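Chains as they are written, first to last, in this note's numbering: chain A, 1 to 193; chain B, 194 to 384; chain C, 385 to 816.
Please note that the accuracy of each hint is not assured.
Pulled from the structure, derived: some chain B residues nowhere near chain C, Cβ distances all over 12 Å [to be verified]:
id : residue
1  : P210
2  : F212
3  : E227
4  : R230
5  : E241
6  : W258
7  : G259
8  : P291
9  : R309
10 : P321
11 : A348
12 : H350
13 : P366
Here are the simulated DSBU-like cross-link-like pairs (lysine-lysine), alpha carbons at most 35 Å apart as the crow flies [to be verified]:
id : chain 1 : residue 1 : chain 2 : residue 2
14 : B       : K313      : B       : K290
15 : B       : K369      : C       : K596
16 : C       : K481      : B       : K292
17 : C       : K771      : C       : K596
18 : B       : K313      : C       : K596
19 : B       : K369      : C       : K715
Everything labelled a hint here was simulated from the structure, so no lab data went into it.
This one's a predicted model, so the numbers in the text were calculated from it and none came from an experiment.
Just so you know, even glycine gets a beta-carbon here, dropped at the ideal spot from N, CA and C.
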Amino acid sequence: MVSRLRDEGLSSERLLWPTKGPSRFEEELGADEIERALGLTTLEKAVRWAQTKSMWPDTFGLACCAIEMMAIVSSRYDIARFGMEAFRSSPRQADLLIVSGRVAHKMAAPIRQIYDQMLEPKWVIAMGVCASSGGMFNNYTILQGVDRILPVDIYVPFCPPRPEALMEGILRLHEAHLAGVPPAYERRQIATS
Amino acid sequence: MPAPPAPGAGMSYTDVPGFVEESVAHGETTVTIERERLREACEYARDELGFQMLSDLVATDYLNWGARGVSGYIGTATGRDINFPMTQGLQTQPRVKPKRFSISYHLLAMRQPPERVRFKVWADDGEPVPSVVSVWPTADWHEREQFDLMGIRFAGHPYLRRIIMDGDWEGHPLRKDYPIGGEPVRFSEAE
Amino acid sequence: MTIAPARTRTAWPVVDDSQYEGSRIPSPIPTVKRVPADYAEREDIMQINFGPNHPSTHGVLRLIVDLDGELVEGIEAVIGYLHTGFEKSMEQKTWWKCVTYSPRIDYVGYQANELTFVLAVEKLLELEVPEKATWMRTLLSELNRIHSHLIYLGTSALELGAISMFWYCFRERELILDLFEMVTGQRMHTRYFQIGGLAEDIPDGFFPECRKFVDWFPHALADYRTLLDRNAIWLERTRGVGVLSASDAIALGQTGPNLRASGVDWDLRREQPYLAYANVDFQVPVYTAGDVYDRYRVRMDEMRESNRIVDQCLRRLERMQGRPWIVDDRKVVLPPREELHTSMESLIHHFKIVTEGFRVPEGEVYVTTESPRGEQGCYLVSEGGPKPWRVHFRAPSFVALEATATCMHETLVADLIAIVGSLDAVMGDADR
């Protein structure tokens, strides 16, 4: 059901100028048509919608999950439907960091550097159990979850997640962002650089 | 390339410099070499016996080998042998090892049939082992890895520094007295 | 171009060692190429870091490169960013659970690692694996080889700019993963090879699907050849780049396609046949130029040969339906579930295997197989208990990366990408 302006008690210019009659534009389109032809939204929502539809990931493949991450770019699972096939190599140009694979302590510092280089707004998906919680490797060398060093928005379990599972995670991130959930660094009040 | 021995003749390793003993198990020959004469032995193997390739270099830590005599069931094809008393469930007692570390060099002779042999050297903690980088350049990274993870010093290695762990890591993770690390998991028996 | 016919050879194993005179292995450190001291003072050498995260798709390899303009004068490879402690983790787990760890080492050719480990344990246990399991293992290993080479081709071409190859190769890869999922339930890290045979029987419906793939795949390969084999840009970027001579390759311990592209006719499937390779007819491609182009050609030909092997395995397996797929030794293998209701011994066996794990007799063994990357070896030391004492994997990628410095001879930065891609190193395998 399309909600019409007058249902909300609004009418376009009359908001500011109650005594003004319909404009030429309104006359041409017709008073009903105008509400079907235009959408009313807030600037924030519009910006969120745009961010969601072109959230570019960073080429950050670490281990086995990277192969499944490459699979979502492939033609069967086609992440290009969601505008995300442009994997940016430079973190400065990337919005989304998909930590795909096990994080060794030696790699933790470079990961943090890369995350810091990304510009706000930015999101992190911990893909796979190794990135979420250390996975099957509970030992001296594997960081037990990348959320020790990064604020994570979405955790995608399985070892490795099917491409559909990763896409489910990405889509939930999109939904969360559209609904107004702030990125994880804001929620956790973490300084990001 | 030297003339390879006739097929079926069997390789004789007694002429290898530093030869101590030879044993055969599961179709594999293990030749124990004196630690000080290792480089000579490897040069002999490469030049005289035709082992052109070093396939692998492994160090094993035998600390507390055979110390735990756990009784129980034997999962072997031949089953439990009640004629071996006092073995507490193990088919045989694990043989005592001469020193703490063994470094095994797996060599490959590329001929028909291919010949593989394991040269084994024993060392204690702190004893340096001669490096074989001059014999097989591939040993470079293998020796660095075993130095990093097991703490065995290879004397004569041109660039012996950590390769797998962080440059400033303390300790040698694969040793038996180095803990597995990680963190306790709730509701597991470790807690 | 020479494709050595199976089991007949002339000058063997080195078919051609004339790629260059002498040895290009740097001295004193074989794996580090340093700028000569006087050269560094005269010219403007810039040292840059191809950090662990970089646009090419090799995982976390770090290269410290000394550049004189675009020319690579010095290179050092730094690894260890994906060290997972497999070897130590496996010492804490029973033999059965270690099989789950093994595919994650070389995560592109995952069944090769499983196979090496399982073969090593079976050698220590002296188990006789049933024929059906052997043939199925061969079939899956060859499918995995095709899978690994497809990923190599897709990512390698992507880095050199032939971006479409990525999508074509991954389309074929999806077909193979569908087959794996049908048989094992998982796309990657299948954990289908069990100590003693296979984890489960081969499901119905697999053979027609596999047959469809086998019939389709040569057409896909023909597509790839059309795109790349005589493509002027591809030839220009890969011919004469990253040349490695046969003697240098042997000295550096190279195996697998890297070795065969350098003119050495050596394939473990033919020289020390394991599984069912002695009963299968296949050729081993050998090329002599030792450059990136020849490594590409070796892998393309290997894909074709693997397809033929899969075909032959399929024909044998189709006649073996209903045969056992795992050894019948209850000390090592779980009894069938139906027996647990009626047999006390089965219940005890099941209990012991699941809780404590079976025991492997004391000994040490080193088993090698031909993984898609080269010679993969598993060195196993058992104390006689339910857990391994020492597990070590001889990683072909680790050794392949040792050759980076030697391959860099008058290379430009763009060639560097081509060379590192052609060595086909998977960092999980290199760092373990």
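Worksheet item: Broken hints, numbered, in rising order?
Response: 6, 7, 9, 12, 13, 15, 17 and 18
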